[in-house]
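Protein chains: 2
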Amino acid sequence: MYPVISISRQFGSGGHAIGQLVAQRLSIPFFDKEIVEECSAESGFSKDVIEEQGEQVNRANKWFDLSSSAGGYFQSAQDEIFLAQRHVILEHARKGPCVIVGRCSDYILSEENDSSFKYLNVLIHANMDIRKENVHSRFPEIKEHDLVKFIEKKDKQRNAYYQYYTDRKWGLYSNYHIALDNGSLGEDKCVKIICDLAECMND
Amino acid sequence: MYPVISISRQFGSGGHAIGQLVAQRLSIPFFDKEIVEECSAESGFSKDVIEEQGEQVNRANKWFDLSSSAGGYFQSAQDEIFLAQRHVILEHARKGPCVIVGRCSDYILSEENDSSFKYLNVLIHANMDIRKENVHSRFPEIKEHDLVKFIEKKDKQRNAYYQYYTDRKWGLYSNYHIALDNGSLGEDKCVKIICDLAECMND
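These protein sequence lines are chains S and C, in that order.
Residue 509, in the numbering used here, is where the first sequence stops; the numbers in between run on with no holes.
Residue 509, in the numbering used here, is where the second sequence stops; the numbers in between run on with no holes.
Hints listed in this document are in silico derivations from the structure and should not be mistaken for laboratory results.
The beta-carbon is built from N, C-alpha and C at its ideal position, and this holds for glycine as well.
One or more hints might be untrue.
Claimed, not checked - Derived pair list, reagent style DSSO-like, types lysine-lysine, alpha-carbon separation capped at 27 Å:
1. Lys495/S to Lys462/C
2. Lys459/C to Lys498/S
3. Lys498/C to Lys498/S
4. Lys438/S to Lys455/S
5. Lys424/C to Lys462/S
6. Lys475/S to Lys424/C
7. Lys498/S to Lys424/C
8. Lys475/C to Lys455/S
9. Lys475/C to Lys459/C
10. Lys495/S to Lys495/C
What the hints assert, rightly or not - If we take Cβ atoms under 7 Å as the criterion, some of the chain C residues that face chain S in the derived model are:
11. Leu332
12. Glu439
13. Ala485
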């Protein structure tokens, strides 16, 4: 048995960086945007489409799908992308220890009940000031007074996507083994706690 | 600056025991039921009344208070108990490092913004099977098929009390520096993580 670490994160909370540092320290693979490329190869959808639809519900598409389904079963492009991402995530989890960021990986790993690995579901969050700083350094073109709106919109899109594919509310403490306030604790402590827990999971 | 650790816990999740072990390991005082005695001495209410009303909203009392207020300001017995508990909690926090369980202490410490201490807000949770086991060993008189109902009722009462006095929803990840699944991680790991964090807070 080996650990597969899923990092769920608020947009701008620094969860991606924490996941990367955990993977580096444990010398295990890290998957975030990397999943997009593999999913593109698997599904045939372009990377742009997957990046756009791989973590947010696209309402326009959903309406289109509904009208096209003519009352029957219809698998939307977004559903196909979700299934391809799920397949890629589970393939990596079955290969060996790794860190996977977002994309409903907490739900996918917990639902699979695969005895070859132990999953560790981590939630990273931070207060709005810290998130604004992080998002500003990543998207300097966004004006100061638009930052909160931008962050809240991203949260809403990700939460809607999560709820749509998992039937769970995003961020419920009961879905995570550990939830960490990166804004108060800081990156070093978050990384250490996750690495220590992961190291205990090897047997 | 020294750490004041607030432990919020789901009923039956083992948060009380974790708090006790953290206090023992750090050699600092521990307050849970101890607050009831001090609060009784301070407020004049009996320990029984405080135990009954000190962490759950008593709807019958609230109706009585409303009818008695005749449209004006009326401080209920429960309000007085809340204020006495708040006072006792803040007095301990100002004296030195300690562990405090429940009683809205996470909210009380975060609202106070007192620069003499640093507060660490911890949430402990566990899945229902573990909680049933814990509650069964504490209340062996409760029949197996009544356990879930009993636990859910306690949750509801505590959540309503918390929401009434804090205007916050209980269990929101953003209110805690760290949330731990005691059912999956186990007591030893939870205690170690909290102690390590607390030790970093001394300066």
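Discussion item. Given the hinted pair lysine 459/C and lysine 498/S, is their Cα-Cα distance within 27 Å?
Written reply: Violated, at about 37 Å.
Fill in: Status of the glutamate 439/C interface restraint (C-beta, 7 Å, chain S)
violated, 17 Å
Fill in: Restraint check for lysine 438/S with lysine 455/S, where alpha carbons must lie at most 27 Å apart
holds, 10 Å
Discussion item. Given the hinted pair lysine 475/C and lysine 455/S, is their Cα-Cα distance within 27 Å?
Written reply: holds, 23 Å
Worksheet item: Does lysine 475/S pair with lysine 424/C here, judged by a C-alpha cut-off of 27 Å?
Response: violated, 31 Å
Worksheet entry | 27 Å Cα cutoff - pair lysine 498/S, lysine 424/C | This hinted pair holds, its Cα atoms lying about 21 Å apart.
Practice prompt. Classify the hint on leucine 332/C as holds or violated, based on whether any CB of chain S lies nearer than 7 Å to its CB.
Written response: Because about 17 Å separates leucine 332/C from the closest Cβ in chain S, which is outside the 7 Å limit, the hint is violated.
Worksheet entry | chain S contact restraint on alanine 485/C - CB to CB distance below 7 Å | holds, 4 Å
Worksheet item: Does the alpha-carbon distance linking lysine 495/S and lysine 495/C stay inside the 27 Å limit?
Response: This hinted pair holds, its Cα atoms lying about 15 Å apart.
Practice prompt. Take the C-alpha atoms of lysine 424/C and lysine 462/S, compute the straight-line distance between them, and say whether it is at most 27 Å.
Written response: This hinted pair is violated, its Cα atoms lying about 32 Å apart.
Item to complete: With a cut-off of 27 Å on the C-alpha distance, tell me whether lysine 495/S and lysine 462/C pass.
Response: violated, 33 Å
Worksheet item: Is lysine 498/C close enough to lysine 498/S, meaning Cα to Cα at most 27 Å?
Response: holds, 12 Å
The structure fails hints 1, 2, 5, 6, 11, 12 (numbered hints given earlier, in ascending order).
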